[in-house]
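Visitor: Protein sequences, first through last, are from chains A and B. Quick note: the first sequence uses full-length UniProt numbering, first residue 1, plus one each step. Quick note: the second sequence uses full-length UniProt numbering, first residue 1, plus one each step.
Please keep in mind that the hints were generated in silico from the structure rather than gathered at the bench. Given the structure is predicted, the values throughout are model-derived calculations rather than measurements.
Which copy is meant is left open, so a pair is good if it fits within one copy or across any two.
Calculated pairs, DSSO-like style, for lysine-lysine (alpha carbon to alpha carbon, straight line, at most 27 Å):
hint : residue 1 : residue 2
1    : K226      : K101
2    : K312      : K23
3    : K259      : K180
4    : K3        : K23
5    : K108      : K88
6    : K226      : K108
7    : K43       : K2
8    : K342      : K299
9    : K88       : K112
10   : K320      : K353
11   : K354      : K301
12   : K180      : K129
13   : K320      : K122
One-letter residues, chain by chain:
There are 2 protein chains.
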Amino acid sequence: MKKHNFNAGPCILPQVALENTAKAVLDLDGIGLSLITISHRSKEFQAIIDETEALWMELLNIPAGYKVLFLGGGASTQFCMVPYNLMKTKAAYVETGVWAKKAAKEAKLFGKVEVIASSVDKNFTYYPKVTNIPTDADYLHITTNNTIYGTELREDLNSPIPLVADMSSDIMSRPVDVSKYALIYGGAQKNVGPAGVTFVIVKEDILGKVDRPIPSMLDYRTHVDKGSMYNTPPCFAIYTMREVLKWVKAQGGVKAMEKLAIERAKVIYDEIDRNKMFVGTVEPASRSRMNICFVMAEKYKDKEEAFLEFAKSQGMVGIKGHRDVGGFRASAYNALPMESAKALVACMQEFEKKNA
Amino acid sequence: MKKHNFNAGPCILPQVALENTAKAVLDLDGIGLSLITISHRSKEFQAIIDETEALWMELLNIPAGYKVLFLGGGASTQFCMVPYNLMKTKAAYVETGVWAKKAAKEAKLFGKVEVIASSVDKNFTYYPKVTNIPTDADYLHITTNNTIYGTELREDLNSPIPLVADMSSDIMSRPVDVSKYALIYGGAQKNVGPAGVTFVIVKEDILGKVDRPIPSMLDYRTHVDKGSMYNTPPCFAIYTMREVLKWVKAQGGVKAMEKLAIERAKVIYDEIDRNKMFVGTVEPASRSRMNICFVMAEKYKDKEEAFLEFAKSQGMVGIKGHRDVGGFRASAYNALPMESAKALVACMQEFEKKNA
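Looking at chain A on its own, in the form it has when it is part of the complex:
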């Protein structure tokens, strides 16, 4: 049976990217060697990483003065690299969930953290207004999309201080005005590739302003200077990322991704709002297009397991909600076809017919 992949990450990737990757693992472009057995210093791999970088610049329309880096260690390593490189005395954080809190926690090792907005009062079910940004903080850190709670900020904030954004789970799902950010980072394993590579878009002139010594691998300047090749990069993950970005471009770029994201999310949210057995968990204005969270309506609470079982029998994968929210989460990343969104809706409708 066809599987509909709603995993929260690692998650669905374009089929053509998988096929090209599998081919390259056996033989890269007919050179008689596998992608993963060639030197990262070879002209073949240099061409791959160069094209990957060029696709980032083009797809997000990244202005001059910025570099795109491909690092290991995941977004979680960025939680400490950001303050290591940017915090002199104080930073402002917006608290919108587990990942935002983890980012703030690491920053506390390097200076003062001021939480200037939070949605913890309602279990992170809305995106708080970000106002009164303190001008004496070294930077403002936000998490644009909250994978666990299903909230999203789709506005590029006007910040009087350098703006740092964790965009792990919504990068490339809409055009972004990169010029409004000092640094954007994220794990690749949602919209742009497999687990194992982290992207960083950094404005070069924000670097080199702190006094603390920074270990080479944690210093963004190391990777800027060496074009992400200071040490052996995660070659395979970068290759697949390139294939994913080629697909994004072929589909029409981030504007096309945004159009699909809007339509795909609407199909699912409309059904959640219509179907009497289900309730969305997030305030409508904050609803994420990437992670759609919902639970059984009060009256049908005892049907949760039954729905999970039924959905599974229909080929739905990964729709169990995170333990912090419960219920269900349909992650609808770039590569998820509309067909899968409709299959989930059909599933919800059939379940309602049988059970409501």
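Keeping the supplied structure of chain A fixed, place chain B upon it in accordance with the hints.
Guide: Just chain B now, kept in the frame of chain A:
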């Protein structure tokens, strides 16, 4: 033409590991989803990482009290994680090449570094005797195999202080008495897998003895506590590592790898010593089985480019020496078949016939 892959890393991997990986990228064990599109929290991936860990424990006969970790960031990140976690005031380092020096450089950010042995006087062409280990240092750091210079220490030192070893380029090429080490680490991209994952074998009771705050991702205890799943691990690279280790086991384990390494290196070194056009660069007692460095004999210095061209025409890949040594380097990692070693020798002999 068949390629003989002498790349220094990323490098040759067993063909069966490549084939199984390519299959899993398309469909993991017939589940209808790709290895790289499933959750790292799925039972399928948990089984993969568990088996990978079990293979490490079995193949290296790792004693109780140790954990094996799979991290991102490369061995270069370990250069700072080691002192972050282990250095109170002072550490001893053995200086045997570029990587050893880089490791010592990062340690200097955390305390005093005492270089207790070095082979810099002869451009790292021998492995220095390691004696007079200072008992007041917090640990001793060694690099067992020096990829660039082709030297190797195959003795498990008796150290009165915790012994830390970068085994990036010779792990799994011989049995190791793990009980003599406090910590062993390395990038996978030589004998155990593709680029993108770093292995760490750590004795648990050496952790938690420093006072400095450690960022979560740089704290070994984080990864010990969470079984390398604190954040999303490099799933693909771990999968391929498992396939490589299954192959090592099927071949007869590290003893079989050692036997092959000895025979394979002998075939090449014997030819270097016999052939009047070539000279080995390393003192015989320190010669690495993994990276075999040689240059043209003085009389034939002008033939270097010609030999590289000829070798290339015969299918040899990756034999150009590192710029710090010049000449040639034949890396002979676990997966390199004897057939390739013999093909290189045939190449050298034919070149001698035509040119000497």
